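Heads up: the sequence lines are chains A and B, in that order. Note that the first sequence covers residues 1 to 109 in the working numbering. Note that the second sequence covers residues 1 to 115 in the working numbering.
By construction, these hints were calculated from the structure, which means they are not laboratory data. A couple of the hints might just be wrong.
Unchecked claim - With a straight-line cut-off of 25 Å between C-alpha atoms, the simulated DMTMM-like cross-links for lysine to aspartate or glutamate are: (1) A:K51 - B:D102; (2) A:K96 - B:E22; (3) A:K96 - B:D102; (4) A:K96 - B:E59; (5) A:K36 - B:E26; (6) A:K96 - B:E26; (7) A:K106 - B:E59; (8) A:K59 - B:E22; (9) A:K59 - B:E26; (10) A:K51 - A:E17; (11) A:K57 - B:D102; (12) A:K96 - B:D85; (13) A:K70 - B:E22; (14) A:K36 - B:D102; (15) A:K56 - B:D102; (16) A:K59 - B:E59; (17) A:K70 - B:E26.
Here the structure is a predicted model, which means the values were calculated and not measured.
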Amino acid sequence: GQQVMQIPQYQHVQEGEDFTTYCNSSTTLSNIQWYKQRPGGHPVFLIQLVKSGEVKKQKRLTFQFGEAKKNSSLHITATQTTDVGTYFCAGTGTYKYIFGTGTRLKVLA
Amino acid sequence: SQTIHQWPATLVQPVGSPLSLECTVEGTSNPNLYWYRQAAGRGLQLLFYSVGIGQISSEVPQNLSASRPQDRQFILSSKKLLLSDSGFYLCAWSPSLTGYTDTQYFGPGTRLTVL
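Only chain A is shown next, with the shape it has when bound in the complex (with noise of 0.2 Å):
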């Protein structure tokens, strides 16, 4: 079946450094979504990619759909230690979605 993985599973960043986690599926995704879940919460809709190629950005988050759709990438500059959480990619088809294993990131102040 569809899988759909994130790398790295970990982070532990100083205040102020950069972040990234990748998403990578195995078949090609008709759109991708981005979540954050804080310690003890539930996930959180941050963005919808759906176009080949597609950037956005929300403050100090970009998000990148890659060109054959099978990868995204969710990139924090200068964490705060409000980012800290972990971010889940979602791929989705008709009705569902299939969660990414996600990347729980640490920020120390």
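Dock chain B against chain A, hints included.
Structure of chain B alone, referenced to chain A:
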């Protein structure tokens, strides 16, 4: 505005006992509904989804079942819990458009511990 409720927030149950988790959505009609399970420190596993009353699709064979008795109510059940059923259970909804996926909105979740 739309809101999604889940209860209970936490639950401790003995092995072999039954389970019923409830999820309700307010402020929208005919939503797509989802049940996920998240093991500690792990990703989200899709268990069931529903695109309408009485319509349930199961993603993973297991001893859990789901029902949708009303448009905005989604119930996750088990007749006999296993230790491996422990986890964080999340309900989610998304707008029902043309069948393609849209933003998912998650409920606060239920932390289930089976002893």
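| query | Hint numbers the structure violates, sorted upward? | reply | Violated hints: 7, 8, 9, 10, 13, 16 and 17; rest satisfied.
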